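Asker: Protein chains in written order, with my numbering: chain U, 7 to 593; chain X, 669 to 960.
Honestly, the hints are just simulated from the structure, not real lab data.
Just so you know, these numbers come straight off a predicted model, no measurement behind them.
All C-beta atoms, glycine included, are put in the ideal place defined by N, C-alpha and C.
Keep in mind that the hints are not guaranteed to be accurate.
Partial selection, computed: residues in chain X whose CB lies under 8 Å from chain U [to be verified]:
1. Asp753
2. Gln757
3. Pro759
4. Gly779
5. His787
6. Ile788
7. Phe794
8. Gly795
9. Asn798
10. Ile838
11. Ser856
12. Arg857
13. Pro882
14. Trp912
15. Thr954
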Amino acid sequence: MKRLVTSLALAASLTAFSATGVLAADAAGPSSDDLLKSATNTEAVLTYGMGPQAQRFSPLTDLNADTVKKLVPVWSFSFGGEKQRGQEAQPIIYDGTIYVTGSYSRLYAVDARTGHKKWEYNHRLPDGIMPCCDVVNRGAAIYKDKIYFATLDARLVALNRETGKVVWNKKLQEYKEGYSNTAAPLIIDGKIITGNSGGEFGVIGMVEARDAETGELVWQRPTIEGNMGTLNGKESTVTGKTNASWPGDMYKTGGGATWLGGTYDPETKTLFFGTGNPAPWNSHLRPGDNLYTSSTLAINPDNGEIKWHYQTTPHDGWDFDGVNEFVSFDLKKDGKVIKAGGKADRNGFFYVIDRTNGKLINASPFVTKITWAKGIDIETGRPIYNDDNRPGAPATGDAHDAKGKSVFAAPAFLGAKNWMPMAYNPQTELFYVPANEWGMDIWNEPITYKKGAAYLGAGFTIKPLYDDYIGALRAVDPKTGKIVWEYKNPAPLWGGVLTTAGNLVFTGTPEGYLKAFDAKSGKEVWKFQTGSGVVGSPVTWKMDGEQYVAVVSGWGGAVPLWGGDVAKLVKDINQGGSLWVFKLPKA
Amino acid sequence: MAYVTRRRFLSGLAASCAAVGIASALGVPRSAAARPLDEVMERGRLRVAVYRDFPPFSFQRDGKLVGIDVDLAKAIAEKLGVKADIYEQIPGETVSDDLRVAVWRGSLFGGELADIMMHIPYDKQFGLMNPEAVLFGPYHHEVFALARDPQRVRSAMLATLPDEPIAVEIDSVPDFFLLGLQGGRLRSRVIHCPTPEAAIGKLTSGEAAAVLAPLSQVQAALGARSEQFPVTTVTLPGMMTSNWNIGMATKENSRDLAYSIGDAVTALTEDGTMGRIFAAYGVIHTPPPLVE
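The following block holds chain U by itself, in its conformation from the complex (with noise of 0.2 Å):
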């Protein structure tokens, strides 16, 4: 209220702002504190993942179990053009308006009352880009006056919130060797800290921070041992050790992406990013462990530096990669309360980890069938391989013209769980992990080609584990790795989750539904059909004293363009892109 007053005062002061509506006290927009605070404030949305720990947890209670079937919706906003394709975004909302960004690098600003277009930023992209997994975006960053989001030829725009003007544009990567970006920035203490991704071959990833304000590079760190970080415009330090678990000069273009972007714990002034799988694909080239491909980092966001790292899969072979989201939250067990984050791992295991020296705690499987390794030691943090389950080298011993031994491995290579971000909840005390269930024939391939030349590629046909589901949105309890309860969907979950402390989860279906369910239960208690399928992660907030849910529509990602078998299934999804937004009404 006092905040209000203020506001008014200076309006009354400065009458161009109040003649467009526009409150004084927000033109300035969310400092470093807010946006390190954003997990309580439940008037906005400040942050991907709804606070820097991507718990994805509001606390709001107007809606709950009960009163979610009041739930109606209000508008819905159309993103236009020829361009449909998969939208992955997550909105974001301050002051009265929704930032969302759509496939195609394309960014706007909507009035959340209304619905009504402020402005839209359409990225010119260069003629012939050619991202690996469809033409998504998963959403912008906002700081001060200032809006971020990355592009699909691997830029980095900050625009003017209220205008939509470009303030700034930098590069990130060079798109002509294979670089795209699709994650959301994450911004903290005005830093704007990023990962890389795409270009499976000569690429290794890294996490770069750069000055929100001007978009100058402060630090770069590698993530693959061996390569020198930069701190400042200088070289700082090596990355692990070199040649430690690499051989020769592999590690140069060892792989090891950081594609889905990080998190922050702001207790332990950590940064949390994971990794992607190690090149090339044969594993039996690259004996080792290949670090730190396949892991989550911890960095500190002051200068870069690694605080400690975690390896989920050792010496990947399977591309499941390691780069899915880690969430902070407290565990309490047996009288503690220890400082922990979860990691829903593509290779199927769920980790509880202690976020202070990245020890595991605990490790569980998350779906039905995990071929590839027994288990995971919980002292040596090591999984438990079946080494029968590696998929062979092509052409060993005499066997000259042999393909490489096929094995059926699950997960599939999309994973146990891919990009979409779980979300955990404080009040059930369990994570809520869009999960799937699917397997593939994988084998060392030696009849592909690239460039026009000959080239030793992998085969790969996923395959459903299960005829009547392939989606498993799932009640993981971290203190004993039990599922709690699961919801079963048709089709492959692909879109971000949402709890509140109404006693909710929410998520969205490719058959084009957001659904609610009692987060103790599991019971379905509300659903509704957007017209495409969903694939972004909804959120919550409250505005006049109303409960808001957005979410958006339009289905596409990677299931579709790599699917196999599954993509056949999910063929008659009609494309779609738009944001609708949902309330429930005054009583």
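Use these hints to put chain X onto chain U, whose structure you have.
Answerer: This is chain X only, laid out in the frame that chain U set:
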């Protein structure tokens, strides 16, 4: 002889495109209507995709797009009596991705499909994996070759390669071959380069004692220096693919265009144009062996 007969037949078809146009308007099935060739002739333009930054086949030199594939595409267009409209395509992860983007589905970002794409492997197995495209007109036979510093690598026998640094293009068949050779004996000596050209640079600078790469790229990059660095073609034991034929691709419904261009390739090979185009970039043309 079969070629000549078909060429005559096809040129006849092209000449009577007006009649075919009427036929297609009457709803005659597409395969019989043979539209894509008509469309190319009617537009007077052949749209051709070539790889970007791919010397000696397609690359920028002094701000101009040049190379073997570029010159060949121009010669083909000239044979058809149309203009060549050549554009550069960024290579995808595999050639299947390139085919999808260039000739059959198109880019997610819009733009015109190519009528043909150059430098596509002509391989029956690979063709079966890409039913949406037609592979045709093989014009060159590619093999792997070892270029070496004879003082450091005395013989071109792969099995007895000495413990010396050897440069390759990253993620190529020679790369995987050497990493896996004899239990990984040379694994720590492999120098990974972004292109075969860069690998040759390592050889001539003395950083590497040898290079293993496709012969045409080795020949073009070495040029006259092949006198100091002998080049020997090799087969890579254990690898299924040590040599392959290079041709072109078009969309599945454009077989008539494929036949017509295939005949142009035959004519350009017979009259010596093909050999001259390759020679202009320091590459010896090897016609594909006649198979199947």
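Asker: Now tell me, hint by hint, if it's right for this structure.
Answerer: Hints and how they fare:
no.: 1; hint: Asp753; verdict: 14 Å, violated
no.: 2; hint: Gln757; verdict: 6 Å, holds
no.: 3; hint: Pro759; verdict: 4 Å, holds
no.: 4; hint: Gly779; verdict: 7 Å, holds
no.: 5; hint: His787; verdict: 4 Å, holds
no.: 6; hint: Ile788; verdict: 7 Å, holds
no.: 7; hint: Phe794; verdict: 6 Å, holds
no.: 8; hint: Gly795; verdict: 11 Å, violated
no.: 9; hint: Asn798; verdict: 10 Å, violated
no.: 10; hint: Ile838; verdict: 5 Å, holds
no.: 11; hint: Ser856; verdict: 4 Å, holds
no.: 12; hint: Arg857; verdict: 7 Å, holds
no.: 13; hint: Pro882; verdict: 6 Å, holds
no.: 14; hint: Trp912; verdict: 5 Å, holds
no.: 15; hint: Thr954; verdict: 15 Å, violated
The earlier numbered hints that this structure contradicts are 1, 8, 9 and 15.
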